[in-house]
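**Student:** Each chain is listed here by its residues.
4 protein chains.
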Amino acid sequence: MTTTDTHHASHGYISDKDRYLNRLKRIEGQARGISRMVDEEVYCIDILTQISALTSALQTVAVGLLDDHLKHCVLDAARAGGDEAEQKIKEASDAIARLVRS
Amino acid sequence: MTTTDTHHASHGYISDKDRYLNRLKRIEGQARGISRMVDEEVYCIDILTQISALTSALQTVAVGLLDDHLKHCVLDAARAGGDEAEQKIKEASDAIARLVRS
Amino acid sequence: MTTTDTHHASHGYISDKDRYLNRLKRIEGQARGISRMVDEEVYCIDILTQISALTSALQTVAVGLLDDHLKHCVLDAARAGGDEAEQKIKEASDAIARLVRS
Amino acid sequence: MTTTDTHHASHGYISDKDRYLNRLKRIEGQARGISRMVDEEVYCIDILTQISALTSALQTVAVGLLDDHLKHCVLDAARAGGDEAEQKIKEASDAIARLVRS
Chain A
3 MTTTDTHHAS HGYISDKDRY LNRLKRIEGQ ARGISRMVDE EVYCIDILTQ
53 ISALTSALQT VAVGLLDDHL KHCVLDAARA GGDEAEQKIK EASDAIARLV
103 RS
Chain B
3 MTTTDTHHAS HGYISDKDRY LNRLKRIEGQ ARGISRMVDE EVYCIDILTQ
53 ISALTSALQT VAVGLLDDHL KHCVLDAARA GGDEAEQKIK EASDAIARLV
103 RS
Chain C
3 MTTTDTHHAS HGYISDKDRY LNRLKRIEGQ ARGISRMVDE EVYCIDILTQ
53 ISALTSALQT VAVGLLDDHL KHCVLDAARA GGDEAEQKIK EASDAIARLV
103 RS
Chain D
3 MTTTDTHHAS HGYISDKDRY LNRLKRIEGQ ARGISRMVDE EVYCIDILTQ
53 ISALTSALQT VAVGLLDDHL KHCVLDAARA GGDEAEQKIK EASDAIARLV
103 RS
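Residue numbers (the numbering used here), protein chains in the order written: chain A, 3 to 104; chain B, 3 to 104; chain C, 3 to 104; chain D, 3 to 104.
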């Protein structure tokens, strides 16, 4: 579909979409598992270990998405000329600041 | 129920269990939402904002569980005397190190 | 010396004080090195690598101090009875929250 | 000076150099202060507060340097064409991953 193709081109992470979706499905499963551990009152330290693992998995997804964003949106905008690349870098830097602090 | 009561006493975070379960249900929903955003190829920066929010929510749960662990398991062990409190603090410090680095 | 001994007993991390001071001296040197790198306009990515290393070194010190705090102040207060242990755990949990989010 | 100008052009964060140097001087002072607090056996929790503040200050510097790197090195390389921009983004993404995890 033309519309979707354009969409892919502009947001640019389609090449790895299945890999992201698989990772995110695993992340959902990890979140569900943590909920079950609390419900079953598993030993607190074991729950914390799972939360650290889930946080790391999320960070891997975030860093991957940022890399795709820089490689596609930012580079495309830079090559097209104009001010859009600066704007996209500003957005990316703000997102990096939020990730580093979260 | 006696069995459950004993269980509560030993793992000690039952007082806030419903609050934790509600938060974790929200966290599961956030994870599902991020998956959907990737599937629908939402703008990458917006997905990163949601990942930061989910990471912060997880950290709040983790810090709460740690606080409960210290207030219940560690204090109980300290008051009971013996070496168990040192062992529990060792476990807690290792968990803190993993959280700080994740 | 009696005064110092009392002081040690209350803040409790004296056993490793030299190790902490050595690490912190290294950390100061790392901070000075980063300043020099910026002044000499070293390649940005290399500066970022040093900032990550310095952040990790600080986290190691922080987790060590927390562990000492729990093992000494908190356990001593718990064994002494009364409300002071809860108060010290509250302080520790707040410090953990700041570390996890910083 | 021609040499320096070239250097500035290639590493690109010279516009804010004084601001960075001032921040890093403050960071050095914070590191020295933490060392002195440990030496004087200040209350552990107060030292942890200073470590969190220093970590946040370092993250602000890191995010600023990354932003400058993207705005200058990466954009310049993208506009020049060729493969260098991809290489610079790869380096930046690796640096982001280290920062997010540290």
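Heads up, some of the hints might be wrong.
Any copy, or any two copies together, can satisfy a pair, since identical chains are not distinguished.
[What the hints assert, rightly or not] With a straight-line cut-off of 25 Å between C-alpha atoms, the simulated SDA-like cross-links for lysine to any residue are:
| no. | residue 1 | residue 2 |
| --- | --- | --- |
| 1 | K73 | M39 |
| 2 | K92 | R21 |
| 3 | K73 | Y22 |
| 4 | K19 | D85 |
| 5 | K92 | R81 |
| 6 | K73 | N24 |
| 7 | K92 | G31 |
| 8 | K27 | A79 |
| 9 | K73 | D20 |
None of these hints come from the bench; they were simulated from the model. Quantities reported herein were computed from a predicted structural model and do not represent experimental measurements.
**Student:** Determine for every hint whether it applies to the structure shown.
**Tutor:** Here's how the hints hold up against the structure:
1. K73 <-> M39: Close across copies (19 Å), not inside one copy (39 Å); limit 25 Å.
2. K92 <-> R21: Between copies only: 19 Å across, 27 Å inside.
3. K73 <-> Y22: within (16 Å within a copy, 28 Å between copies)
4. K19 <-> D85: Between copies, since 24 Å is at most 25 Å while 28 Å is not.
5. K92 <-> R81: both (17 Å within a copy, 17 Å between copies)
6. K73 <-> N24: within (22 Å within a copy, 33 Å between copies)
7. K92 <-> G31: Result: close neither inside a copy nor across copies, 33 Å intra and 29 Å inter.
8. K27 <-> A79: Intra 31 Å, inter 37 Å, cutoff 25 Å: neither.
9. K73 <-> D20: within (18 Å within a copy, 31 Å between copies)
The earlier numbered hints that this structure contradicts are 7, 8.
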